[in-house]
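Visitor: Single-letter residue listing:
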Amino acid sequence: GESVGLHLPTLSVQEGDNSIINCAYSNSASDYFIWYKQESGKGPQFIIDIRSNMDKRQGQRVTVLLNKTVKHLSLQIAATQPGDSAVYFCAEIENAGNMLTFGGGTRLMVKP
Amino acid sequence: EPEVTQTPSHQVTQMGQEVILRCVPISNHLYFYWYRQILGQKVEFLVSFYNNEISEKSEIFDDQFSVERPDGSNFTLKIRSTKLEDSAMYFCASTARTSNSPLHFGNGTRLTVT
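Protein chains in written order, with our numbering: chain A, 27 to 138; chain B, 857 to 970.
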């Protein structure tokens with residue numbers, strides 16, 4: 027049988043649409059944030075990062091937004107593709123520390 | 857692109873046995889980590905390692921666990937007297953520096969304790 031664990035929120039989008047995945051963090055001392063993608067049976071894969079002195083950073087098809095006032099982080103994926111289907115985790119590091127703390131994750135499902 | 861490699865990909869062991877999970881971090885990285893992910897749950901920090909010693913560890917990382925860098929390339933996690941609840945994916949990660957530098961993860965070892 028299945029193990030009992032956290033129920034992952036799921037975002038289902040149509041191929042080609044834009045996706046927005048949200049994350050709330052609680053540690054106001056965190057100053058560096060990372061989004062990871064985890065496909066089934068694999069380790070977390072780095073997508074994009076942002077420092078606390080920025081509020082937006084863009085990569086290839088991805089944008090991360092940081093709102094420190096409300097401790098909120100989002101990942102925007104443009105023109106979502108079936109290969110984007112995975113679990114996405116935000117992670118944070120407290121300033122001067124080296125311990126990366128992961129959030130609970132969101133499952134992205136892309137419908138062809 | 858350099859990557860973190862972990863062996864074995866799947867380890868099955870009996871309760872009470874000792875296991876050693878192996879990792880080869882990216883070659884120029886100096887900071888090494890072990891994380892754990894129980895099925896369906898989030899990734900949890902176990903321990904960080906720098907300059908041949910533990911720099912931080914979580915409450916999970918009790919006396920049952922130990923880490924070692926036996927040579928210039930390997931980084932190992934030893935779990936003594938395994939328990940059923942140790943069953944999980946164990947991920948190794950490394951980074952070149954701690955300041956504003958992402959951790960790079962391996963694909964994990966799935967540990968099944970029976």
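Derived by calculation from the structure, the hints in this document are not laboratory data. For each residue, glycine too, the CB sits at the ideal point set by N, CA and C. Any given hint could be a false lead.
Label pairs and their computed distance ranges (CB to CB) [claimed, not checked]:
| id | chain 1 | residue 1 | chain 2 | residue 2 | range |
| --- | --- | --- | --- | --- | --- |
| 1 | A | 104 | B | 870 | 43 to 53 Å |
| 2 | B | 884 | A | 138 | 17 to 27 Å |
| 3 | A | 34 | B | 861 | 44 to 54 Å |
| 4 | A | 95 | B | 872 | 31 to 41 Å |
| 5 | A | 65 | B | 968 | 41 to 51 Å |
| 6 | A | 42 | B | 934 | 26 to 36 Å |
| 7 | A | 54 | B | 908 | 46 to 56 Å |
Chain B is nowhere near these chain A residues, computed Cβ spacing over 10 Å in every case [to be verified]:
| id | residue |
| --- | --- |
| 8 | 88 |
| 9 | 98 |
| 10 | 124 |
Visitor: Each hint should be assessed against the structure and marked as holding or not.
Guide: Each hint tested on the structure:
1. A/104 to B/870: 43 to 53 Å: Since residue 104 of chain A and residue 870 of chain B have Cβ atoms about 49 Å apart, the given range 43 to 53 Å holds.
2. B/884 to A/138: 17 to 27 Å: violated, 40 Å
3. A/34 to B/861: 44 to 54 Å: The hint (44 to 54 Å, Cβ to Cβ) is violated, given that residue 34 of chain A and residue 861 of chain B are roughly 27 Å apart.
4. A/95 to B/872: 31 to 41 Å: 51 Å Cβ-Cβ, so the 31 to 41 Å window is violated.
5. A/65 to B/968: 41 to 51 Å: Cβ of residue 65 of chain A to Cβ of residue 968 of chain B: about 20 Å, so the range 41 to 51 Å is violated.
6. A/42 to B/934: 26 to 36 Å: For residue 42 of chain A and residue 934 of chain B the Cβ distance comes to about 48 Å; the hint is violated.
7. A/54 to B/908: 46 to 56 Å: violated, 33 Å
8. 88: holds, 14 Å
9. 98: holds, 18 Å
10. 124: violated, 4 Å
In summary, the numbered hints that this structure violates are 2, 3, 4, 5, 6, 7 and 10.
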